[in-house]
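*Asks:* Protein sequences, first through last, are from chains A and B. Residue numbers are given in the numbering used here: position 392 of the first sequence equals residue 415, and the series is strictly consecutive. Residue numbers are given in the numbering used here: position 252 of the second sequence equals residue 275, and the series is strictly consecutive.
A hint or two may mislead.
Covered stretches of chain B, going by a simulated chain A footprint (3 or more residues, C-beta under 8 Å) [claimed, not checked]:
1. 55 to 67
2. 166 to 175
3. 386 to 396
Over the 12 Å line for every Cβ pair with chain B, so calculated as not near, a few chain A residues [what the hints assert, rightly or not]:
4. Asp39
5. Leu40
6. Pro49
7. Asp124
8. Ala237
9. His269
10. Asp296
11. Gly325
12. Asp345
13. Cys351
14. Pro355
15. Asp370
Keep in mind the hints are simulated off the structure, nothing from the lab. Cβ atoms here follow ideal geometry from the backbone N, Cα and C, with glycine treated the same way.
There are 2 protein chains.
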Amino acid sequence: VTPLPKSPTRGRPDRDLALELDASDPLAEWREEFVIPDPHLVYLDGNSLGMTPKRTVAAVREVIESQWAGDLISSWWDNGWLDLPLTVGNQLAPVIGARPDEVVVHESTTVCLFQLVNAALDLHPGRRIIAVDDTEFPTDRYVVDGIARVRPGVEVRRGLDDLTDVDVVVRSLVDYRTAALQPIAAETARAAAAGASTVWDLSHAAGVVAVDLAGAGAEFAAGCTYKFLNGGPGAPAFSYVRSDLHDRLTQPIWGWFAQTDQFAMDAPFAPRDGIARLLNGTPPILGLTAARGGISIVADAGIAAIAMKAESLSSYAVDLADHVALTCATAPVPTSSGGHVSIIHPDAVALQRALADRKVIVDKRDPDILRLGLSPLTTRFTDVFECLMMLADLAAPTR
Amino acid sequence: VTPLPKSPTRGRPDRDLALELDASDPLAEWREEFVIPDPHLVYLDGNSLGMTPKRTVAAVREVIESQWAGDLISSWWDNGWLDLPLTVGNQLAPVIGARPDEVVVHESTTVCLFQLVNAALDLHPGRRIIAVDDTEFPTDRYVVDGIARVRPGVEVRRGLDDLTDVDVVVRSLVDYRTAALQPIAAETARAAAAGASTVWDLSHAAGVVAVDLAGAGAEFAAGCTYKFLNGGPGAPAFSYVRSDLHDRLTQPIWGWFAQTDQFAMDAPFAPRDGIARLLNGTPPILGLTAARGGISIVADAGIAAIAMKAESLSSYAVDLADHVALTCATAPVPTSSGGHVSIIHPDAVALQRALADRKVIVDKRDPDILRLGLSPLTTRFTDVFECLMMLADLAAPTR
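Just chain A, same shape as in the assembly (with noise of 0.2 Å):
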């Protein structure tokens, strides 16, 4: 695969320069993977909520049709529904540059990132400081709050730029408006050296960045798997915690999902060994079927070229929207991540309907950032192209 140059419409912004892109594409085939549900559709929020695999639709099916109604109760063993939670944690491990055992999918973001900072907190005894930027994606400060709230002595420092002092470090990897890349092993090294531990938010990251957690010395990191993992909506989220860490592991929600020898039900909690001492209730078959589906496309196409895919598409983007005069909050890859490129206007909501009226369909965060997801298996330069050209001439009247 060859990269794309970083400018690849200097002097091209036509139609053709986009056809060529996708006939050179080697994803393209990828998106005969997913339902289209029109032809004519421009999809652009596969950040939002990732497209239909028809192989999830047939997994569902067999897992409703043929193992619940067919084998039912004895499906909790014989179709491996007890270990479904770390089964497609370890599909997704490779996907996340995690080691086999180090991930598990189960509950929302919200519960895993909740689960894991009262983790690290818990490795840091004596000292309660989190720290977490005002930027940050509301669930992840909502979390930090939450947690200051019911632990005496917690305390939440906004900001991230001095972590003197901090246990806990909440962030993101991909900004959720900017697309804005953090440097994870940098990242992570600094908070490290300032004695802190890092709770990573993948949920912008996951299934479009190639992140690497174990070259990043990463120790905890959690995501959602609906934006580009396709895991369909609400599918479960995922939590990683290092190998190392695991017999040191604690978390405060306790369920017997979690107990060791979970069917004697007789003696008080003592957790599994692993990442599975981060279950709770009964996992979530039907929600884990689809993010399996969905997250077994990613491992298949492989990560690496996916990434590659997204930088061209982001460079591509970034580059059409300077040519036509469009304002864009997301700087070049490699410091955003490729996922999404925003464009600022005063008029994003208005614009985002009018695209939409033309089955241009964009996702939007208030009050003037229209954001253009670049799903890499169900994104074509061609998408992209349609959209920029659009908003161009539906934004003239305000330039």
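Following the hints, put chain B in place on chain A, whose structure we already have.
*Replies:* Same frame as chain A, but now just chain B:
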């Protein structure tokens, strides 16, 4: 509907009576709403995993293949996904005697209990004793112990006889081993008289007992939807909080779905009004869709009629077990729920396997309990008859 006599088999432990009872069962037709994978299957484990409603098969197909795949991101608004935890909660409310807008469906039972026990503690500042019984279902005990570990000053008292100084009582309405049913109004009042709030776990009650939360003055309740509510494997759980407590309601897992004006995103956490403040992260749409299917059948059939059939099935089973000299750990209704009948036998493990070889599926709880689930919408009197006769035969050598 005429209730059965207290001891319906007296003098007639024969198949003809079972057939007569099935023929006069006013709920018999509801079995046709479920996928029956094998006409010879006797499935007495609906208390662990309810059977698959045909309407759920259709509903999940619709949500995946039309809403997710077709309408994509707009489904959050146009297909009601954003409010689905509340919508399904309102469907469930009449089934458990809650008022509108007192129930939310999301996350696992473990997470719901964790939220509610913390919420109940917050209503009792300065006092910090949680009471739970040693025979309580594992997750309920674990949740309480986990909270005591992270909230300084919180102590756990084992046993419910003496509630002096207790702030929060956590208990199941129906015992998962014996099916013993607590008098909810009297026990809620006894705890309240001692100054304690009760968090009721309705997992083995919802969908089989005509629970009247409002009539009982219950403050908090949670439970699963995958047993008698037929919501599917690992289906999301429910939480109930009495409406007059909503203004003061707190919980520790703060996420963006509980936030006022969720998509504004820049404000600090300000919880929504009402039961919605229990929400956490992005809700699990596939699981909620399946839960909705199962709950809707129970709501449509009517919990009063369902509970009456449960009582009849249970009376019949207890009486028949007595007739064939099997040892029953379940008291007659109304002291038990009617949801299952437990048979005690030292060879429980072997007997469960031998029954399964003959297509009779029952549940087991270590060390010596066979649980016969009596899910009223799918269980026939002939199922109970076949199971107990076979069990009597198989158990005979050791008697």
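*Asks:* Look at each hint and say if it fits the structure.
*Replies:* Results of checking the hints against the structure:
1. 55 to 67: holds (count 3)
2. 166 to 175: holds (count 8)
3. 386 to 396: Answer holds; 3 residues pass the 8 Å Cβ test.
4. Asp39: 29 Å, holds
5. Leu40: Its Cβ never comes within 12 Å of chain B, the nearest being 27 Å, so this holds.
6. Pro49: At about 25 Å from chain B, proline 49 of chain A clears the 12 Å cut-off, so the statement holds.
7. Asp124: 21 Å, holds
8. Ala237: The claim holds: alanine 237 of chain A sits with its nearest Cβ about 26 Å from chain B, beyond 12 Å.
9. His269: 18 Å, holds
10. Asp296: Consistent with the label, aspartate 296 of chain A stays out of reach of chain B, its closest Cβ about 17 Å off (over 12 Å).
11. Gly325: 24 Å, holds
12. Asp345: Consistent with the label, aspartate 345 of chain A stays out of reach of chain B, its closest Cβ about 27 Å off (over 12 Å).
13. Cys351: 20 Å, holds
14. Pro355: Given that every Cβ of chain B is farther than 12 Å from that of proline 355 of chain A, nearest at about 25 Å, it holds.
15. Asp370: 18 Å, holds
Consistency with the previously given hints is maintained throughout, with no hint failing.
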